[in-house]
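*Asks:* Next come the chains, spelled out residue by residue.
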Amino acid sequence: MFVNQFLFLAAVLFCIGVYGVIARKNAVLMLMSIELILNSVNINLLTFAMRNGSTDGHVFALYIIAVAAAEVGVGLGLVLLVYRNKKTISVDELSEMRG
Amino acid sequence: MNLLAAETEVLAPLASGWFLENAWLIPVIPAIAFALIILIGKRLPMKGSELGVASMLASLVLSAGAAYQWIQRVNSATEEQFVEPVIRSWSWWRSGGFDFGIGQHIDGLSVVVLFVVAFISTLVQIYSLEYLRGDRRYTHFFAALTLFSGGMLAMVLADNMILFLLGWEVMGLCSFMLIGHWWEEDANSRAALKAFFTVRTGDVGLLVGISMLYFAANDWTQENLGLSGFSIRGISAWALSGEPNSTVIMVAAIALFIASIGKSGQFPLHTWLPDAMAGPTPVSSLLHSSTMVVAGVFLVARLYPVFFVGLDILGSGGNLIMFIGAITIVISAALAFVQNDIKRVLAYSTVSQLGYMMLGLGAGAWLPAVFHIFTHAFFKACLFLGAGSISHSASHHSFDMKRDMGGLRKVMPITFTTWIISTLALCGVFPFSGFFSKDEIIDNVGNNGYNTFMIVGLVGAFMTAAYMTRATYLTFFGEPRGASAGHSSHESHDDHASHDDHSSHGPHESGLLITAPLMILSVLALGSGLLNATPFGESWERMKLWVEPRAVEVVDSTYSGGPGESLIVNVPSAGEGSSKSVCGTSTPEIGVCYAPKLEHAKFKWSKAMLSMAIVFLGMVVSWILSMLLFTKRDARLVGLTQRVKILGVGHRFLVNKYYLDDLYEKVIVRSVAYPISSAAYWFNQNVLDGILHSISNLTRKFSGWVYKNIDQRVVDGTVNNSATFTKSVGTAAQPTQSGKVSQYGALLFSAAAVAALVLVIINT
Amino acid sequence: MNMLQENNWLLSVGTFLPLLGVVVLLLTPKASDQMVKLVALVTSIATLAVGVYTAFKFDFDQAEKLQFVADANWISVIKSSYLIGVDGISLPLYLLSMVITLLVVIYSLDHVPSPGKPKAFFSLLLVLQTGMAGTFIAQDLILFFVFFELVLLPMFFLIGVWGGEQRQYASIKFFLYTMFGSALMLVAFLALFFKTGAESFSIPYLIENGGSIAKNIQIWIFAGMFVGFAVKVPMFPFHTWLPDAHTQAPTQGSVILAAILLKLGTYGFVRIALPILPDAAREWAPYIGGLAVIGIIYGALGCLAQTDMKRLIAFSSVAHMGFVMLGISTLTSFGVNAAMFGMVAHGLITGMLFFIAGSVKERYHTLEISKLGGMLTSMPRLGWIFGFCSMASLGLPGLAGFWGEFPAILSAYNPAEGLNETVFRVFMVIAALGTVLAAAYLLWMFQRIAFGTAKNSSSHDHAHSDDLHDVTTFEWIAWTPMLLGILVLGILPNLLFSVFDPAVKITLSAFGG
Amino acid sequence: MQTLNIFAAQWVAPTIDYFGLAPELVLAGGLCLVLMLDLFIDERKKWMLTAISSFTLLAAMVPVLMLALSETEVRTMFDGRYVVDNFSLVMKAVFLLAGYVVVLLSSSHIEQGEYWRGEYWFLLLTSLLGMLMMASSRDLVSIFVALEFLSIPAYMLAAWRKRDPKSNEAGVKYFLLGVFASAVMLYGMSLMYGVANSTLLTEIGAKFTATGEFSAVHALAVVFVVVGFAFKVSAVPFHTWAPDTYEGAPTPVTAFLSVASKAAGFVALVVLLYTAFPLAQDIWQPFIWVLSALTMTIGNVLALKQNNIVRMIAYSSISQGGFVLMPLAVAGLAGSGTTALRSVVLYMIVYAATNLGVFAIILAVSNKTRSGEISSYGGLFSYAPTLGVLMTLFLASLAGIPPLGGWIAKFVAFQSLIQSQSTWGYALAVVGAVNSVVAFGYYGNVMREIWMRPVPDNDTTLISVPGSLKLALVITAGATLVFGILPGVGLHFADLAEIAGAIIR
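Residue numbers (this note's numbering), protein chains in the order written: chain A, 1 to 99; chain R, 100 to 863; chain Z, 864 to 1376; chain C, 1377 to 1881.
Bear in mind the hints are in silico, worked out from the structure with no lab data behind them.
Check each hint, because a few of them may be wrong.
[To be verified] Here are the computed lysine-lysine pairs in the DSS-like style, where the Cα-Cα straight-line distance is at most 27 Å:
1. R:K839 - C:K1846
2. Z:K893 - C:K1846
3. A:K87 - R:K839
4. A:K25 - C:K1542
5. C:K1542 - A:K86
6. A:K25 - A:K87
7. R:K807 - Z:K1234
8. A:K25 - C:K1538
9. R:K839 - C:K1421
10. C:K1421 - C:K1538
11. C:K1538 - A:K86
12. A:K86 - A:K25
13. C:K1744 - A:K87
14. C:K1421 - A:K87
15. R:K807 - Z:K1224
16. Z:K1058 - Z:K942
17. C:K1542 - C:K1681
18. Z:K893 - C:K1744
19. R:K826 - C:K1681
20. C:K1744 - C:K1681
21. Z:K1234 - R:K800
22. A:K25 - R:K807
23. R:K839 - A:K86
24. Z:K1368 - Z:K1058
25. R:K826 - R:K807
26. C:K1538 - R:K839
27. Z:K1078 - Z:K942
Since the model is a prediction, treat every value here as computed from it, not as a measurement.
Let the sequences and hints guide you as you build the complete structure.
*Replies:* Spelled out as structure tokens, the structure:
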């Protein structure tokens, strides 16, 4: 099978995601980048599952998808909260506490 | 040599007695009295003074009894027999196998000094009853005086060096309290401080010396005598046993000698003595006649074998003790010429007399030196008390001869007579006591082959005669001046205000409480010499018989006898003409001996006459000069020192001592060097004083520097800096806490990535 | 080392009684100061009574054995147990701590320093007492450590709350210093524990097995302990907390600090460091001795530089503890005896001097030596007591100070075998010089403070003449025992030496006496 | 496709040991009850919710105790993916008690301001439930689920003060970083799964680097997984969220985060280290060493500079985390595995008691001063001596001064380091020693305020401490003292806690 390609794809997605988290100032975009990472993880898991012929990977992936959904829900809720108070979703505005 | 084979006979036990056995009471009584005075003195009718006097009387009686019984003991012994000292000791404390004893060691030497000390102290206390009447610290004064004598007495009969040290230090402390008695005046308290501190500096020597001797001697003494290495007897025996390593004992002896230099005000540590005049006159007389300053000499006499071996006394070409002694004699005598303060004249004369004693000890004239302690005590005490009597009753508490005295012989006859007697004694004029001791010293010095030193001694005698004549002239002859002429009061030397009730009427003879001691002392100054009057032949040499230890005792270690009994073996005495002692050089293997064998000079009238002539010459010259100078105001002499450069310089060297002192005081205060003065008087012995001060000054500055820079800056600084450092690290780390999420994320991931990278590299 | 078990409840009672007192104190209402003082007084008296009873029960013929030994299970998991006992070394210090605490309490009855709060003040004093007593009886390293640390907090607050102007700096400094030391000390203890086979923390056990550790390791472990104890002593480079702490602490704090706390360090050396790690001790002894003599001279110079009376006394502590450490560094039972005596003597004398400093501060409202003077005229009794203590402190024979100082110097002349004699003889001479400097600074201080005429205190307006009252009753009660102690110990040193000697001999058996 | 069918055919429903699950079940029931009641009862009766949630927590303790006393040592479910062993039981007890104290802290605090109490309790209990699950999870999946289960409610709790921008900020930061960290962790897990071909920890432990030589993947996997939990325990440099979140979140929540969720993180970390990749110690030991050293040091030096009490405590808890990590840095070495585990558990127990106590005081004082400034504690002792003394005790315990709980925890940590008798162990011990001194710098600073400083604008009105806080103080202070004076007690539990199936050398 073509394991390495998938792993490579996952790795690339992971890096893009990480880049997004670090580079983006927009909370929503950061959330999306994190989703990218999670997807790269899923790809990893599925790839390994296929290679090893075990279902654990699939199960894990399913859980991740479910939990990710919950996370996004909470995340967007928080973003809305911030937006209501600050009229912005740029995380750099959120630096009241420091030092 | 087979000494065991030598014929031996058992001797009858030596006589002893209650007074000898219980001599340890002598210092204890004053100690108790001290405590009592401190506690209840103020409430007593005579403010505690009676306690002091009574205790001193008691010790006087006891020591007299001891002396008497000692004489009995000696008489009970045969000619060659070693008179066992009466030694009793109790274990004081033990630690780590060390046993520190406490006890008494009574022999001729201690008996003599005990008697002298108790006697003089008693008189001085009686004298003080009048002299310090109404003083603001009357009680304290007597307490200190009593403890002072107690310390001296304890030191004298100590059987081991620890107890000796104890007495020594107690005396130092009391001298501090007494000299600084009128401590409201800064000068007095500083003088007290100086005295204590100088002496204390010497004490380092004592500490070191005792320690070295202990560790060097202990094994030997334990093994052979069953005594600890602290016991004086053990050390003496060890020193003469031929056992000790020469360098160790030499260093030890030098260390001890440093101590006695400090205590006895020998050159170069003599500078504290004149300042000690700040104390009340009775104190000065006690300090200078029999106690404090004698302690140093006593130390040398007590541990004589150590010095004998360590410094190679009787060796060719003199030794440290002699040099110091000789230098002291001349230097201080010279200083005595330019003093206007009568007490300071006496002080310097004391120093130079102590020089004689040292010289004698150093030259192997042990007995004459001790005898000089004896006689000197009486006439010097008499002189000081006389001076006190003058200032007390005539010169309105001033001691300035030029300003406030003169012509007193009419108004105070008793004082005058006693003074004259003592002066003659001091100068060593024939029938008076000084002659028999001092001349004896000079004589023996020469006899032991140190002619240069003998000459120094004679020069000293000349100077002594001269400056005493000068002082006498200024005080008692010529016209009354200043206060003694009844002039109005002026700021006076020791102004203890409560004394001014005397100033109302003019000069007069002092009361009985003062004159009685004077008379008693003068009698002794006249007569005490006869105790060892060599000129009149063997039978008169009582001191030699009673005090000088029989040199040789060789105990067969197999023989066990009670104290005092011993097997006597006749040791072959030294070869003819040699002045070496048998014990001094070597000891028979099985033998122990406690004192070196010393030769005595045969008395020759010729020598005596020579020295007498010198003395008289000194007196006459000085008399004429003083008369011309002070009364006739002879034009050729007055202001001579101003006219003749060289004389002027020399004169100033001497006179300016106090001027210099002030300078150096100022140097302390401002702590600025005084280039001109130090350059001009750099070889003036008084510079020593300056050195003393500037050393202390230097130390203080240095310590200040250490404290400021090392302690506060370096040591403490590192601590504080480390604190600030941690804080600054915090500051450095703070920017990471920017509050920006994306930066947090970046940090988070980059850290993870770096860690992963590193671990990947090191693990694969 | 066999131990005597009977009456093993005594020590625990004597040690924890003060805590009981603290509990009672906390229950007493804050308002009633008299009540608080009464409770504190009663507690400390009771404690001392127990202590005296202990001494009475103590078998002095077997002073070398641990007595009243109690061994209870404490932290079995880490093999540390509640093992306590006293021998000739501990007992005098144990009692000293109780006596000093009682005297301090008595003194405090009418000298509670500002800002008042007697309740807290006395509670802290009592907690402190437990810590000190416990340290002297603990025979288990962990227990020792706990008590050793227990002392810190109360002293921290005594200094920080009731202290002088710079109290906060001083207290924090004191705390961090000591804590740093004890942290390393703890590490050393643990290393010791494992190197001896992780069997037990009990000191007797470690004394038996400590010698078997390889030398180079011993040296490292000793280093850890050295820092811990040397900070407490304090020895030369680690001393800088002392002057600040002493100067800023309230009188009572300084007294306890000088009388007991400094002894914890030296006691640690004698009880733990030397017997357990003999080889390392031999290696370290010359350096310890060197630091000790440096401390002697250095402390003396520090004193000469001071203008503040209390700070001067504080620096003199550095010098005196230098003598103690010199005695210890000789590793001979003679030297250590001297050190032990020095500890007690210094406790009494310097404690007394701090009392006096406190009273001077109270009367003159300053400790600037230049502003004092003529104390002998204004307050003769106080002045003479001051003189007496100065004399004792400069090691005058016949007073307690001498027996700690002179034997220490003497012992340096020949240290235990295996140590370099010449080096120690040099130390001896330096130490002897130190005594001169001691005389210098003490007399200098005495002369400037007690002699001369009383300075008119216009410079500081508070000091009216009515402030300059002489020694008060409470002061008399608190001081007399110490003064007597100084005198009696000076005349009959054997009282202490006979107790120390056997125990010290046993302790140093590894060095051949 | 084929394969899936086969697996499907083989599938049989797992037997569930309900007794073993009882604590979780009780808790689940309780939180459902709270959720339901909150909808139906009106404002005045809301106190019931408090009562119920605290009751629930105590009730959940019962099965925990019963399980502890029951003779079956280890109960495994879902073929080893969910295990109830002594370790998990001890930690569950800690979580429940800590949760109970947090409830006590919260009850008075959340009265203030018109906020939604019901949700608060619900979220709190949910998060606790996640922690209980975490204590038993022995499978990557269940660990992940448990982690999210305890985290997501925590995100919301942090942002619970909806109108307070600080609180929002706290929530958002915590959320974003938390999710990011768990994403990274997941990536590591996926790699681990790929290598070991199983998500069951014990199997991973058996396979993972069993041969002894590593590839890059191994290292990557371990590091990323550890990072995930290093974030949870706010180990430097993954700590950045902690101070901001702690400061912004409501104080009881901060207490909860700094104690319970940190403990949860350690639980997972320990389980992973001891069961999943114990053989890879060459990878994680150095990593943890560095983490621990950094955490202690940076935490301390930053805490020195704070003047907000909560923020200061945040940094202090960071550095405390470093001390917990300390023994793990040598856990893989022969002979020190057991003591390291013991040390971690003991430290968690003691730390929980002490830190909650600190927060109780902070809450009590802020009731009066309404300020988080350290200076607002000036002269506390003079007008509130009890609070002052208690605060002193807690801080001293954190600083590790005998005879207060903290010292024994630190002591055991040092002990296990030195027991390893390895150079690294000694080195870290010295670092720790130095840090424990530095730490006193800021603890002492607070003490100084309390005892030695004047009262700010000397307002010495007495502080009224609500009963719940009093109870919390009694519990925490008592625990702190007992652990310190009779360390045997705490050590006993710590000693019991063994992880079933752990590979310890």
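*Asks:* Compare the structure with each hint and give your call.
*Replies:* Here is how each hint holds up against the structure:
1. R:K839 - C:K1846: Violated, because 38 Å separates the two Cα atoms, which is more than 27 Å.
2. Z:K893 - C:K1846: 21 Å, holds
3. A:K87 - R:K839: 18 Å, holds
4. A:K25 - C:K1542: 18 Å, holds
5. C:K1542 - A:K86: With Cα atoms ~11 Å apart, K1542 (chain C) and K86 (chain A) stay inside 27 Å; holds.
6. A:K25 - A:K87: Between K25 (chain A) and K87 (chain A) the Cα gap is close to 15 Å, so the pair holds against 27 Å.
7. R:K807 - Z:K1234: Holds - the C-alpha atoms of K1234 (chain Z) and K807 (chain R) are around 22 Å apart, at most 27 Å.
8. A:K25 - C:K1538: Holds, because 22 Å separates the two Cα atoms, which is no more than 27 Å.
9. R:K839 - C:K1421: 42 Å, violated
10. C:K1421 - C:K1538: Cα-Cα ~23 Å, so holds.
11. C:K1538 - A:K86: 12 Å, holds
12. A:K86 - A:K25: 15 Å, holds
13. C:K1744 - A:K87: 33 Å, violated
14. C:K1421 - A:K87: 36 Å, violated
15. R:K807 - Z:K1224: With Cα atoms ~25 Å apart, K807 (chain R) and K1224 (chain Z) stay inside 27 Å; holds.
16. Z:K1058 - Z:K942: Distance ~14 Å between K1058 (chain Z) and K942 (chain Z) Cα, so the pair holds.
17. C:K1542 - C:K1681: 21 Å, holds
18. Z:K893 - C:K1744: 22 Å, holds
19. R:K826 - C:K1681: 7 Å, holds
20. C:K1744 - C:K1681: Between K1744 (chain C) and K1681 (chain C) the Cα gap is close to 24 Å, so the pair holds against 27 Å.
21. Z:K1234 - R:K800: The given pair, whose Cα atoms are some 21 Å apart, holds under the 27 Å limit.
22. A:K25 - R:K807: 56 Å, violated
23. R:K839 - A:K86: Answer holds: K839 (chain R) to K86 (chain A) is near 16 Å, not above 27 Å.
24. Z:K1368 - Z:K1058: Within the cut-off at roughly 26 Å; holds.
25. R:K826 - R:K807: 25 Å, holds
26. C:K1538 - R:K839: 20 Å, holds
27. Z:K1078 - Z:K942: 25 Å, holds
Hint compliance for this structure: hints 1, 9, 13, 14, 22 are broken, all remaining hints hold.
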